[in-house]
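**Q** Here's the letter readout for the chains.
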Amino acid sequence: MAVYILKRLGLALITLWLLSVLVFFACQVLPGDPGRAILGHLASPAAVAALDHKLGVDRPLLVQYWTWVTGLLHGNMGTSTQFQAPVEPYIKAALINSLKLAALAFVIVVPLGVVGGVVAALNYGRPADRIISVAGLSATTVPEFVSGIVVIIVFGITLKVLPVSASAGTGASAASQFQHLILPAIPLILILFGYIARMARAGTIEALNSDYARTATLKGLKRSVVIRRHILRNSLLPTITVIATQTGYLIGGLVIVETLFNYQGIGNLIYKAATSKDFPMLAAGVLTIGVVYMVATLIADILATVLNPRLRLGGAE
Amino acid sequence: MTDVVAAPAAQVTVAHGTGELPPWRLLLRRPTFIVGVVILLFWVVCAVFGHLIAPQDPLAQQLLATNKAPSGAHWFGTDQLGRDVFSRVIVGARSILIISFFATVIGTVAGTALGLIMGYLGGLVDIFGGRLVEAVLALPLVIVAFLFVVALGPSTPTIIVVIGLVFTPLIARTVRSAVLVERQQDYLASARLLGEKRAYIMFVEVLPNVLPAVLVEFTVRLGYAIFAVASLSFLGFGVQPPTPDWGADIYANYGVLPAGYWWMTLFPALAIASLVIAINLVTDSIEQVLSS
Numbered sequence: 003m004a005v006y007i008l009k010r011l012g013l014a015l016i017t018l019w020l021l022s023v024l025v026f027f028a029c030q031v032l033p034g035d036p037g038r039a040i041l042g043h044l045a046s047p048a049a050v051a052a053l054d055h056k057l058g059v060d061r062p063l064l065v066q067y068w069t070w071v072t073g074l075l076h077g078n079m080g081t082s083t084q085f086q087a088p089v090e091p092y093i094k095a096a097l098i099n100s101l102k103l104a105a106l107a108f109v110i111v112v113p114l115g116v117v118g119g120v121v122a123a124l125n126y127g128r129p130a131d132r133i134i135s136v137a138g139l140s141a142t143t144v145p146e147f148v149s150g151i152v153v154i155i156v157f158g159i160t161l162k163v164l165p166v167s168a169s170a171g172t173g174a175s176a177a178s179q180f181q182h183l184i185l186p187a188i189p190l191i192l193i194l195f196g197y198i199a200r201m202a203r204a205g206t207i208e209a210l211n212s213d214y215a216r217t218a219t220l221k222g223l224k225r226s227v228v229i230r231r232h233i234l235r236n237s238l239l240p241t242i243t244v245i246a247t248q249t250g251y252l253i254g255g256l257v258i259v260e261t262l263f264n265y266q267g268i269g270n271l272i273y274k275a276a277t278s279k280d281f282p283m284l285a286a287g288v289l290t291i292g293v294v295y296m297v298a299t300l301i302a303d304i305l306a307t308v309l310n311p312r313l314r315l316g317g318a319e
Numbered sequence: 066m067t068d069v070v071a072a073p074a075a076q077v078t079v080a081h082g083t084g085e086l087p088p089w090r091l092l093l094r095r096p097t098f099i100v101g102v103v104i105l106l107f108w109v110v111c112a113v114f115g116h117l118i119a120p121q122d123p124l125a126q127q128l129l130a131t132n133k134a135p136s137g138a139h140w141f142g143t144d145q146l147g148r149d150v151f152s153r154v155i156v157g158a159r160s161i162l163i164i165s166f167f168a169t170v171i172g173t174v175a176g177t178a179l180g181l182i183m184g185y186l187g188g189l190v191d192i193f194g195g196r197l198v199e200a201v202l203a204l205p206l207v208i209v210a211f212l213f214v215v216a217l218g219p220s221t222p223t224i225i226v227v228i229g230l231v232f233t234p235l236i237a238r239t240v241r242s243a244v245l246v247e248r249q250q251d252y253l254a255s256a257r258l259l260g261e262k263r264a265y266i267m268f269v270e271v272l273p274n275v276l277p278a279v280l281v282e283f284t285v286r287l288g289y290a291i292f293a294v295a296s297l298s299f300l301g302f303g304v305q306p307p308t309p310d311w312g313a314d315i316y317a318n319y320g321v322l323p324a325g326y327w328w329m330t331l332f333p334a335l336a337i338a339s340l341v342i343a344i345n346l347v348t349d350s351i352e353q354v355l356s357s
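As they're listed, the protein sequences go chains A and B.
Under the numbering used here, read the first sequence as residues 3 to 319, first letter to last.
Under the numbering used here, read the second sequence as residues 66 to 357, first letter to last.
Simulated from the structure, these hints should not be mistaken for lab results.
Worth double-checking, as some hints may not be accurate.
Stated by the list, open to error - Below, in silico cross-link-like pairs of lysine to any residue (SDA-like), each with a Cα-Cα straight-line distance of 25 angstroms or less:
#1 A:K9 to B:F193
#2 A:K274 to B:L217
#3 A:K162 to B:E199
#4 A:K162 to B:L335
#5 A:K9 to B:L186
#6 A:K274 to A:H43
#7 A:K279 to B:P135
#8 B:K133 to A:I159
#9 A:K9 to B:E199
#10 B:K133 to A:T160
#11 A:K279 to B:P222
#12 A:K279 to B:S220
#13 A:K279 to B:L230
#14 A:K162 to B:P135
#15 A:K9 to B:G187
#16 A:K9 to B:L202
#17 A:K274 to B:G301
#18 A:K9 to B:I192
#19 B:K133 to A:K221
#20 A:K56 to B:L217
#21 A:K9 to B:S242
#22 A:K9 to B:L235
#23 A:K9 to B:G195
#24 A:K221 to A:L238
#25 A:K279 to B:T223
#26 B:K133 to A:G158
#27 A:K162 to B:F193
#28 A:K279 to B:G301
#29 B:K133 to A:F157
#30 B:K133 to A:V152
#31 A:K9 to B:L189
#32 A:K162 to B:Q145
Chain A on its own, in the form it takes in the complex (with noise of 0.2 angstroms):
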């Protein structure tokens, strides 16, 4: 198991690698000259080169992503363009912000994706089943905004119960920021609900048509002995993973919920930073969405690996 770890470990330092690459690939080389990005069509071409010195985007390459990675490496990720300070500050606090809306959202939609999963499964090619599973497909690919702004209508501005901006404003309340928090967290519920119920009704499928079910069966036990006692608990393995999974869309995927409902979180702060040309900040916050997405991800497979004997006991290959 030290040796799976190990592995999965190393395959998510290439991974990180890869990212790096990416992220410095469509910022810093892609957007051509920051400076003229920044300083706009009007300004002298002496004082984009004099800006372009000091953002250090007149050297290699090379040697920029060098000085790039090691300052991430020592906690530096740069200095953030539209503020004309240090990154670390804002996508520490947005990033905090952001984790709040998700756990509300997260904590709704875990128990409900994974029961209408498993009633799915139970009523396997029934209309029970089609409507959970064609309904949840259907709220995936619903963009967030498209029901934002149905339950912004809906309870927002028709019926007037909730808030529709998610910012509380500061100091106020636990309850009041709950209060405000609560529509946000509909269009991401709404979108995970598909991906947990679809995984959690696959696992019961699979669990039912196993011999173990079989023999359940046939030796007697009550249906919902079966049910509980070999069926869920193999079932729910694969949908672990996939819960943990869909954390680094949520923590990502906020960019539209945060914009639509005005909320200061990662997913905000990386689009005002697109909207403002402001690269570095844009970088270090999509690499600290993957970085996030990458250590659910390890989490759920040690955790998966921790739960099942036949991968704990080796033949995790």
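Given the structure of chain A, go ahead and fit chain B onto it with the hints provided.
**A** Just chain B now, with coordinates in the frame of chain A:
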């Protein structure tokens, strides 16, 4: 698990005495498929003939009739510039369908080629390709597309190519696993023994056998492409104004939602929702038929 789904079809087959029904006949028996196709066709017609169907010019601004609520004259009301929302929703089907379709085609063609190569050749190509897929998957799709569109500047060809390239590794992964299954088959061993070239085996022998997987992947990705295109437009990095576009129209008007002007955003939003749901109904039906 497949028996449950296959059973009704088998009974029908016996009743007609026509032997095995072709997959497309099974599809036409599914109400979900019919509903999905009808909605999809409706939007395709709007995309092609939108300017003829729309009651008014989607670009014409009536500055004396701005922010008008839905009425007989303007079914979906007017926006902040006094443009007819109904006409903009009809004509707006064009940009999103064109961009999503071509992006998915690029992703499917490139992804299938990459998947065939990774799956059939294996070894270092496969390992490196696999890591690249992981790296792209480490970020939400919309963020990767967003990152590159921001860096390159928004334009229709850029959006098509960026979304296509983002899809490539995802489709490659699916095709790769389908190829791995095919690699165990006897016909490939005999093809190799006959001394056929690797490229020939990959694209002439293996490809036709993984096409059902590619078809399902195409329809699934089309749904995600619409999601991605609409999201980019909503963030202001998609189709640029004044071209009628559902996402861009929502972006332009969601700021006045709290003031009670709900119709400018709700109708484009419902249009997006109906389109993605239609594609999902079609996708789900195809998957069900192919797996039964």
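**Q** Each hint should be assessed against the structure and marked as holding or not.
**A** Now for the hints, and whether the structure bears them out:
For a cut-off of 25 angstroms, the pair hint linking K9 (chain A) to F193 (chain B) stands: about 15 angstroms separates their Cα positions. Distance restraint check for K274 (chain A) and L217 (chain B): the Cα-Cα separation of roughly 17 angstroms lies within the 25 angstroms cut-off, and the hinted pair is therefore satisfied. Among the hinted pairs, K162 (chain A) with E199 (chain B) is inconsistent with the structure: their alpha-carbon atoms are about 44 angstroms apart, more than 25 angstroms. Of the supplied pair hints, the one linking K162 (chain A) and L335 (chain B) holds, its CA atoms being roughly 21 angstroms apart against a limit of 25 angstroms.
Distance restraint check for K9 (chain A) and L186 (chain B): the Cα-Cα separation of roughly 23 angstroms lies within the 25 angstroms cut-off, and the hinted pair is therefore satisfied. A C-alpha spacing of about 21 angstroms is found between K274 (chain A) and H43 (chain A), which places the hinted pair at or below 25 angstroms, so the restraint holds. For the suggested pair K279 (chain A) and P135 (chain B), the alpha carbons sit about 39 angstroms apart, so the restraint of at most 25 angstroms is broken. Simply put, K133 (chain B) and I159 (chain A) have alpha-carbon atoms about 17 angstroms apart, close enough for the 25 angstroms limit, and the pair holds.
Restraint check for K9 (chain A) and E199 (chain B): satisfied, since their Cα atoms lie roughly 15 angstroms apart, inside the 25 angstroms limit. With a CA separation close to 18 angstroms, the supplied pair K133 (chain B) and T160 (chain A) stays within the 25 angstroms bound. Restraint check for K279 (chain A) and P222 (chain B): the C-alpha separation of about 21 angstroms stays at or below 25 angstroms, so the hint holds. Taking the CA atoms of K279 (chain A) and S220 (chain B), the gap is near 17 angstroms; set against the 25 angstroms cutoff, the hint holds.
Of the supplied pair hints, the one linking K279 (chain A) and L230 (chain B) holds, its CA atoms being roughly 23 angstroms apart against a limit of 25 angstroms. The straight-line distance between the Cα atoms of K162 (chain A) and P135 (chain B) is roughly 21 angstroms, inside the 25 angstroms bound, and the hint therefore holds. Distance restraint check for K9 (chain A) and G187 (chain B): the Cα-Cα separation of roughly 19 angstroms lies within the 25 angstroms cut-off, and the hinted pair is therefore satisfied. Pair hint K9 (chain A) plus L202 (chain B) holds up; C-alpha atoms about 19 angstroms apart against a cutoff of 25 angstroms.
For the hint linking K274 (chain A) to G301 (chain B), the alpha-carbon distance of about 11 angstroms falls within 25 angstroms, and the restraint holds. Of the pairs offered as hints, the one joining K9 (chain A) and I192 (chain B) holds, with about 14 angstroms between alpha carbons and a cut-off of 25 angstroms not exceeded. For the given pair, K133 (chain B) sits about 70 angstroms from K221 (chain A) by alpha-carbon distance, which is inconsistent with the 25 angstroms threshold. Simply put, K56 (chain A) and L217 (chain B) have alpha-carbon atoms about 23 angstroms apart, close enough for the 25 angstroms limit, and the pair holds.
For a cut-off of 25 angstroms, the pair hint linking K9 (chain A) to S242 (chain B) stands: about 22 angstroms separates their Cα positions. For a cut-off of 25 angstroms, the pair hint linking K9 (chain A) to L235 (chain B) stands: about 23 angstroms separates their Cα positions. Between the alpha carbons of K9 (chain A) and G195 (chain B) the distance comes to roughly 15 angstroms, so the proposed pair stays at or under 25 angstroms and holds. Under the criterion of a C-alpha separation no larger than 25 angstroms, the hint pairing K221 (chain A) with L238 (chain A) is consistent with the structure, at around 24 angstroms.
Restraint check for K279 (chain A) and T223 (chain B): the C-alpha separation of about 18 angstroms stays at or below 25 angstroms, so the hint holds. Taken as a hint, the K133 (chain B) and G158 (chain A) pair is honoured in the structure, with Cα atoms around 21 angstroms apart against an allowance of 25 angstroms. Pair hint K162 (chain A) plus F193 (chain B) does not hold up; C-alpha atoms about 53 angstroms apart against a cutoff of 25 angstroms. For the hint linking K279 (chain A) to G301 (chain B), the alpha-carbon distance of about 14 angstroms falls within 25 angstroms, and the restraint holds.
For a cut-off of 25 angstroms, the pair hint linking K133 (chain B) to F157 (chain A) stands: about 22 angstroms separates their Cα positions. For the hint pairing K133 (chain B) with V152 (chain A), the CA-to-CA distance comes to about 20 angstroms; that is within 25 angstroms, so the pair holds. For the proposed pair K9 (chain A) and L189 (chain B), the alpha carbon gap of about 17 angstroms is at most 25 angstroms, so the pair holds. The hinted pair formed by K162 (chain A) and Q145 (chain B) meets the criterion: a straight-line CA distance of about 23 angstroms does not exceed 25 angstroms.
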